[in-house]
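Dock chain to chain to rebuild the complex, using the hints, since each chain is given by itself in its own frame.
The listed protein sequences correspond, in order, to chains W and Z.
For reference, each letter of the first sequence is one residue, going 1 to 226 in the working numbering.
For reference, each letter of the second sequence is one residue, going 1 to 302 in the working numbering.
None of these hints come from the bench; they were simulated from the model.
Any given hint could turn out to be false.
[Stated by the list, open to error] Simulated pairs of lysine to any residue, SDA-like, Cα-Cα distance not exceeding 20 Å:
| id | chain 1 | residue 1 | chain 2 | residue 2 |
| --- | --- | --- | --- | --- |
| 1 | W | K71 | Z | R53 |
| 2 | W | K71 | Z | Y52 |
| 3 | W | K71 | Z | L99 |
| 4 | W | K71 | Z | D66 |
| 5 | W | K87 | Z | Y103 |
| 6 | Z | K77 | W | L83 |
| 7 | Z | K128 | W | E145 |
| 8 | W | K71 | Z | S98 |
| 9 | Z | K77 | W | R82 |
| 10 | W | K71 | Z | A242 |
One letter stands for each residue in the lines below.
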Amino acid sequence: MTLERGETLLVTIGIPAFLLVFFSVVNVLPTGRRHPVDFLAPGVLGLAVMSTAMVSLGVATGFERSYGVLKRLGTTPLGRPRLLVAKVAGVLAVEVIQVVVLSAIAFGLGWRPHLVASLAICGELLATAAFAGVGLAMAGALRAEVNLAIVNALYIVFLLIGGIVFPLQRLGGFAAFARLLPAAALSGVLHPTLGSGTAPGVEAWVVLAAWAVAAPLVAALLFSWE
Amino acid sequence: MPAVEVEHLHVRFGERHAVDDLSFSIERGEVVALLGPNGAGKTTTVETLEGYRLPDEGAVRVLGLDPSRQRRALAAKIGVVLQRGGVYPVMSPERVLSLFASYYDGPRQPADLLALLGLESVARTAFKRLSGGEQQRLLLALALVGRPQVLFLDEPTAGVDPRGRIAVREVIASCRDEGAAVLVTSHELDEIERMADRVVIIDRGRVLASGSPTAVGGGGNEVRFFVEGLLDRQRLGAALSAEVVVERPSWYRIAAESSPALVARLTAWLAENDLVLGEVRVGHERLEDVFLRLVEEREGGS
Numbered sequence: 001m002t003l004e005r006g007e008t009l010l011v012t013i014g015i016p017a018f019l020l021v022f023f024s025v026v027n028v029l030p031t032g033r034r035h036p037v038d039f040l041a042p043g044v045l046g047l048a049v050m051s052t053a054m055v056s057l058g059v060a061t062g063f064e065r066s067y068g069v070l071k072r073l074g075t076t077p078l079g080r081p082r083l084l085v086a087k088v089a090g091v092l093a094v095e096v097i098q099v100v101v102l103s104a105i106a107f108g109l110g111w112r113p114h115l116v117a118s119l120a121i122c123g124e125l126l127a128t129a130a131f132a133g134v135g136l137a138m139a140g141a142l143r144a145e146v147n148l149a150i151v152n153a154l155y156i157v158f159l160l161i162g163g164i165v166f167p168l169q170r171l172g173g174f175a176a177f178a179r180l181l182p183a184a185a186l187s188g189v190l191h192p193t194l195g196s197g198t199a200p201g202v203e204a205w206v207v208l209a210a211w212a213v214a215a216p217l218v219a220a221l222l223f224s225w226e
Numbered sequence: 001m002p003a004v005e006v007e008h009l010h011v012r013f014g015e016r017h018a019v020d021d022l023s024f025s026i027e028r029g030e031v032v033a034l035l036g037p038n039g040a041g042k043t044t045t046v047e048t049l050e051g052y053r054l055p056d057e058g059a060v061r062v063l064g065l066d067p068s069r070q071r072r073a074l075a076a077k078i079g080v081v082l083q084r085g086g087v088y089p090v091m092s093p094e095r096v097l098s099l100f101a102s103y104y105d106g107p108r109q110p111a112d113l114l115a116l117l118g119l120e121s122v123a124r125t126a127f128k129r130l131s132g133g134e135q136q137r138l139l140l141a142l143a144l145v146g147r148p149q150v151l152f153l154d155e156p157t158a159g160v161d162p163r164g165r166i167a168v169r170e171v172i173a174s175c176r177d178e179g180a181a182v183l184v185t186s187h188e189l190d191e192i193e194r195m196a197d198r199v200v201i202i203d204r205g206r207v208l209a210s211g212s213p214t215a216v217g218g219g220g221n222e223v224r225f226f227v228e229g230l231l232d233r234q235r236l237g238a239a240l241s242a243e244v245v246v247e248r249p250s251w252y253r254i255a256a257e258s259s260p261a262l263v264a265r266l267t268a269w270l271a272e273n274d275l276v277l278g279e280v281r282v283g284h285e286r287l288e289d290v291f292l293r294l295v296e297e298r299e300g301g302s
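Okay, chain Z solo, but in the shape it has when bound (with noise of 0.2 Å):
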């Protein structure tokens, strides 16, 4: 059984269909990112498997149970991150933790976690007085102190700076490892393509892709570049015996296998002709090409 599922869910305010349709599950020991740009229903469906709201269609269960029907008897299996804070202004993160902690049967120390997320610095400073970074990297330590089974992640890098993101990230990481199943929902993309196993891609509530992060960017091999100024795509496509294909302003794709030689003609090409190559990339598509193409070949399509 997995440890969250999502089937058919539908979810409205009022007119509005907030969540359309929407189904995917998450096992044990996975971390799935829920991306999407903003209004495209994460929160709503993450707030559903918590228990904030109800479906409107359809189901979601977590650990096998309704989140919003036995809710008691799953809030101490669940980590939880709100998008919006939580936290008296005033207190400090050793305080909000040992509070937290008593919550909890057999809770981490929060001595334990202010040196895990690299709080022990603040650790009475309050809340109020902390930077982005450092509230944010509490809220993640709060969510870890009854040792969860599940953890929804509502935007946890967000205001997060570098070396902070590399200590969310191998907290995940290591959740994951344990056993622990992980909702995360995040407008950085290079984020989630660290730390995601799966990505499943959402807009205006419905599922526009699936999959590994690699899996969605096509799993292709073929060869992306970045030229700036007027390039003949007719004439390079003739010398690289391959079709040449705009995907955005400036950045062409070789529809063709890559491999060194291909890459070497193509270099050769543009210095022949003058032209500037300002990146090249072989491999599968980045998350956030795929997902600006997804989300923007949607808003063409509708």
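If we strip away everything but chain W, and leave its shape as in the complex, we get (with noise of 0.2 Å):
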């Protein structure tokens, strides 16, 4: 069902692959004497994660809850754990799709990447959690109309401070409270794993882990089901 509304593809496809192919072709990002796309495909990777799990899954919960639908569920045998296996489920499916897509779509550009698989989907599995805590967050507390203005602007900051499309390393003042945020701690774990095949350094797990069980945590609190 995911799958059949258009914006929802737009966002979880289209505008990762889009970033990928326009700055690969396009020579613009500071990214040095490295090929841009071995730069800019383990940033994308992540921003797939993120519009999966905090974008898509945050603006279809934050709607159902105003059509009513959550809570009418709530009286069928479905029920809500039910229903939460199920939402899981279904990101889990779409970012299968997203890796495999972009990563087509990057090799097809020119990406070699030095493997650590193990540790990059650890990463993303982590980043699943936090975005999706930070999307339910928002989903369960605020209007419909007022967490999809709200979820699309943290996409775009996230996008230009998360380490996605510019280098950490060139966001001057920013950089330091940019890395406290679960997007460029996913891309602190991500470039190593899926770049140049090192281990990623202790403080982008920690941040990144530290979202991954606080931000659940709040939306469990915050969320109201009508």
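Dropping the structure here:
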């Protein structure tokens, strides 16, 4: 069902794929002598997780709440726990598709990574929990339209200061702040594991794990079903 | 054991007492209507029975279970029409019914429900493009998917056209005949009069009256009539040898057992006095009149 909505396809696959292709071909990014795609591919794979777990899940849940769908499902045998499981499964399924499609495009553009796949997958899963927590916390507490606006704004901010299209080192004073956000932490994990083939620094892991625990907890506290 | 039991239920929202010591029960195979003005506590009561709210005092049981603690066990056995929506706007009736069918064991088939509620022609139309009445009928169809033993219908005929109403009424009657217990709320009192076995009239969370629609209407057999203009009640009363009571502006009641002779004397007297009889009704008070009278009495008295 998720993939039937045009806007979901756009945000989960269209935008990441477009960024990947655009900045690889148009050489405006300060990535030095490396091929831009080597920098972009890990960042865009991180962006993909953010767009599915935070934007797509959060916006959809916000509207389901305002339409009364969540409330109505509360009196069917589906119940809330199974609804949650279904949502998690939906997010993971979309992420698998994203990884396949975006990696294929990156390879086509000349991406030749040294992979530490297991660590990269750990990073993506922690990030999924963190972003889903952020998305659901807002979806469960705000009006659907307000939620939509804020989630999209957050998406742009994370895109710009998350080490996704601009390297963190080029952010100047923003960098210290950016490093505490889940987007940059995810990039911090993905750039080494999907690029140079080295292990990421402890700081990125700690920040990412903290968000992965804290954000879902906050979501659970803030969430109201109607 | 009744299918639905409400015992001394209290629900408060902060300072406001939304439901104040409410008690009633519903047997299997019975349709009970909960009536009251806006803010009377109808939806709060229904939502407590559906497990969305907790009683502050008192208890509610549905099929012997606690609706909020045993929600999962109960969900398969109850059907619900919420006061507001609950359907994805872009989904078609066919799709939503199939989706809901996948939640239940042994569900009713989408095609049967579409036919039952006259929705075949819009089976593939997005919910948001349906008329108000079609949306309401779909919500009722969704309540029936799991072959419920208890139905909670919050305003099921809101916005439904006359033909749709007949369909809704027939569906509710057939559920009752199959042994379901039905609780329905509505503002549309004529509608209720036709489908409810029993009515419970509430205001500000308290019961004002309950019983069969005719019993609530006094069960009497009196003559009520409408005359515009000045009516000398003393003289008419003397002519009829019965008291004539004003019920509402221009509406009068003759405090005596109805008989053809009484009606004949009334019309004759009106003719002699050149008064036009607007309407005359023999028998119990209409539910709408009972309702207005009770609510007005209560508001006057407090």
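Hint check results:
no., hint, verdict
1, W:K71 - Z:R53, "holds, 12 Å"
2, W:K71 - Z:Y52, "holds, 9 Å"
3, W:K71 - Z:L99, "holds, 16 Å"
4, W:K71 - Z:D66, "holds, 18 Å"
5, W:K87 - Z:Y103, "holds, 15 Å"
6, Z:K77 - W:L83, "holds, 19 Å"
7, Z:K128 - W:E145, "holds, 18 Å"
8, W:K71 - Z:S98, "holds, 19 Å"
9, Z:K77 - W:R82, "holds, 18 Å"
10, W:K71 - Z:A242, "violated, 57 Å"
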